[in-house]
Amino acid sequence: MRDHRQNGISASAPPRRKRRARFSRDDAELTLLSLPTVLWFIAFCYVPLFGIVFAFKNYKVKAGKGFLYSLFVHSRWVGLKNFEFLFRSPDLASIIRNTLGYNLIFLLIGVTLPVGLAVMMAELRSKRLARACQTAVFLPYFLSWVVISYFVFAFLSTDRGLLNSLIQAFGGTRVLWYQEKGPWPALLILINTWKTFGYSMVVYLAAITGIDRSLYESAVIDGATKWQQTRWITLPMLRSIVAIMLILNAGHLFSTDFGLFYQVPRDSSSLIDVTQTMDVYVYKALMQNNNYNYSSAVSLLQSTAGCLMMLGANRVVRRIDPESGLF
Amino acid sequence: MTRGRKNRAADGLDRFNRIRPETNVLFSALFILLALSTVLPVVFVLMISVSSEASIARNGYSFFPAELSLDAYAYLWTSRDYIGRAFLNSVGITLAGTVLGLILTSTLGYALSRPNYRLRRVYTVMLLVPMLFSGGLVATYMINTQVYHLKNTYLSLILPGACSSFHVVVMRTFFQTTVPDSIIESGKIDGARQFRIFTRLVLPLSLPVLATIGLFLTFGYWNAWYGAMLYLDSNHRELYPLQYVLISIEKNIAFMARNEEHFMGDTMRSIPSETVRMAIVMVVVLPIACSYPFFQRYFVSGLTIGAVKG
Numbered sequence: 001m002r003d004h005r006q007n008g009i010s011a012s013a014p015p016r017r018k019r020r021a022r023f024s025r026d027d028a029e030l031t032l033l034s035l036p037t038v039l040w041f042i043a044f045c046y047v048p049l050f051g052i053v054f055a056f057k058n059y060k061v062k063a064g065k066g067f068l069y070s071l072f073v074h075s076r077w078v079g080l081k082n083f084e085f086l087f088r089s090p091d092l093a094s095i096i097r098n099t100l101g102y103n104l105i106f107l108l109i110g111v112t113l114p115v116g117l118a119v120m121m122a123e124l125r126s127k128r129l130a131r132a133c134q135t136a137v138f139l140p141y142f143l144s145w146v147v148i149s150y151f152v153f154a155f156l157s158t159d160r161g162l163l164n165s166l167i168q169a170f171g172g173t174r175v176l177w178y179q180e181k182g183p184w185p186a187l188l189i190l191i192n193t194w195k196t197f198g199y200s201m202v203v204y205l206a207a208i209t210g211i212d213r214s215l216y217e218s219a220v221i222d223g224a225t226k227w228q229q230t231r232w233i234t235l236p237m238l239r240s241i242v243a244i245m246l247i248l249n250a251g252h253l254f255s256t257d258f259g260l261f262y263q264v265p266r267d268s269s270s271l272i273d274v275t276q277t278m279d280v281y282v283y284k285a286l287m288q289n290n291n292y293n294y295s296s297a298v299s300l301l302q303s304t305a306g307c308l309m310m311l312g313a314n315r316v317v318r319r320i321d322p323e324s325g326l327f
Numbered sequence: 001m002t003r004g005r006k007n008r009a010a011d012g013l014d015r016f017n018r019i020r021p022e023t024n025v026l027f028s029a030l031f032i033l034l035a036l037s038t039v040l041p042v043v044f045v046l047m048i049s050v051s052s053e054a055s056i057a058r059n060g061y062s063f064f065p066a067e068l069s070l071d072a073y074a075y076l077w078t079s080r081d082y083i084g085r086a087f088l089n090s091v092g093i094t095l096a097g098t099v100l101g102l103i104l105t106s107t108l109g110y111a112l113s114r115p116n117y118r119l120r121r122v123y124t125v126m127l128l129v130p131m132l133f134s135g136g137l138v139a140t141y142m143i144n145t146q147v148y149h150l151k152n153t154y155l156s157l158i159l160p161g162a163c164s165s166f167h168v169v170v171m172r173t174f175f176q177t178t179v180p181d182s183i184i185e186s187g188k189i190d191g192a193r194q195f196r197i198f199t200r201l202v203l204p205l206s207l208p209v210l211a212t213i214g215l216f217l218t219f220g221y222w223n224a225w226y227g228a229m230l231y232l233d234s235n236h237r238e239l240y241p242l243q244y245v246l247i248s249i250e251k252n253i254a255f256m257a258r259n260e261e262h263f264m265g266d267t268m269r270s271i272p273s274e275t276v277r278m279a280i281v282m283v284v285v286l287p288i289a290c291s292y293p294f295f296q297r298y299f300v301s302g303l304t305i306g307a308v309k310g
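These protein sequence lines map, in sequence, to chains S and A. For the first sequence, the numbering used here assigns the number 1 to the initial residue and increments by one for each residue that follows. For the second sequence, the numbering used here assigns the number 1 to the initial residue and increments by one for each residue that follows.
What the hints contain is simulated information worked out from the structure, not anything from laboratory work. Being a predicted model, the structure only gives us computed values, none of them experimental. Don't take every hint at face value.
[What the hints assert, rightly or not] Derived DSS-like pairs (lysine-lysine); straight-line CA-CA distance at most 25 Å: (1) Lys181/S <-> Lys151/A; (2) Lys62/S <-> Lys251/A; (3) Lys81/S <-> Lys284/S; (4) Lys151/A <-> Lys65/S.
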């Protein structure tokens, strides 16, 4: 029974094909059952796809007419004009630099640090301590960026913050943290790492505990040291999950955490040079400047680049491990 | 019996295969430091929220305030028509979104898990496309506000995040691997309709995955703020969830700082004080901090199902 099911469509025998010719009662019932979800997907994932035309239009509202009339009939097609303007603007270079730069660093730290910590934690003698620490470092994963921005403020506030109090106690002068862009790249990397490392570490730790213990036993009998066991058993066993995580994240290289780059620096205009990523730009162009054209042009660039990255990443994953492809 | 003996044998070997005591101390110290780094900021904000205004004005924020006070929480209670309302909004949105999300996710997941279902291929493609490509912010925003008229409604905070391809895939994988076919077959032999099989036979067997997805949704909705930023205007304070109350306080302060000369004492005083702001943060954080240790394992299992078998 089970084999039959797992073979799925490729195993369809002649009698099945006969049944496939018409919509069976089961099919009808299942379709009815899943209809609300299908409608949801159409309404919230597929209908917005038509909004891509914004990127090729000069959107103008026609008073008294509906939105669809304004967009499709009233607004002029401008071809690639929106993109031309965009590529001429000096902002684009820094936006792309920030988006890719931060993401590459996050990617590097996001793999090495949690894997290293997970290997170390698996060796702790006190399992109770290991469990308690796991729970503690998982906490930031459950907090929103809005809340974290308040935490950060408690440390960085100019007149009340802990950091400035400490600086003053040691005879230094107060720093206007939200005006100085110098420390922010490091701060953003630190804060992002703080929020995400615990959860990745727990995932890798689950993979380590899944490794067959008998491998280690035979290694011990052969006289392997702890370091050798890590180098030749643990890390190779983690290789495929690390590769998959790495590549899946590479698929998101063009999208950033809006909360980290907008909420945490409190949308401070002095920091814009080091905090403006694609998602921040798109949001601001739409909500603060009502610039539908630029905003949607950047969005479309981002979606397209993201899509290509995902397809490429998936191809690489399938080459490494055919079972693990996303699709 | 044999298993017990084998474990004991492994324990014996493990005793020889442990890190040196010095290394253990070093590692333990490192992890204690890391654990403190994640927990102390929460304690810090808690301490600020119970400091008195005077001691903050004198010493700044501190782990050990000179004077404790619950004024901030008392203030929250007196302004409960705003803060309390926001709290109820957050709870209501979270509940409604979680229930709706579970219904949407499990029904499609079930249909997809049936091997002979005719639209299986179609549905798989339907799930795949949104994972790869989206219309972008402008398109989503304009369609939601201009076509569906969701601006300034609770629905704008509930509907768009209710379902996702990832959740459906996790559900489908669970139904495929864990619910035995024979149960569904037996239901069919007894003449049950698919709807009945799904609600009476499949769902009761699927509590672990329902818990996992339910928790993803619950924490997701409780922590959501981007939707409110997009769809709620400042004259609809009655719709604000807690997370957005925090954002809007921030916005007002920044606005006043930019236009200082226009604001006199009264307006400035209407902004909640620092301790009150931190008290609101605690109202958001404490339910999470108290509950996540019990649900942690569902998150790990859900993430591994999604990451490995997706």
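Each hint tested on the structure:
no.: 1; hint: Lys181/S <-> Lys151/A; in the structure: 36 Å, violated
no.: 2; hint: Lys62/S <-> Lys251/A; in the structure: 31 Å, violated
no.: 3; hint: Lys81/S <-> Lys284/S; in the structure: 20 Å, holds
no.: 4; hint: Lys151/A <-> Lys65/S; in the structure: 18 Å, holds
Violated hints, listed in ascending order, are 1 and 2; each of the other numbered hints is respected by the structure.
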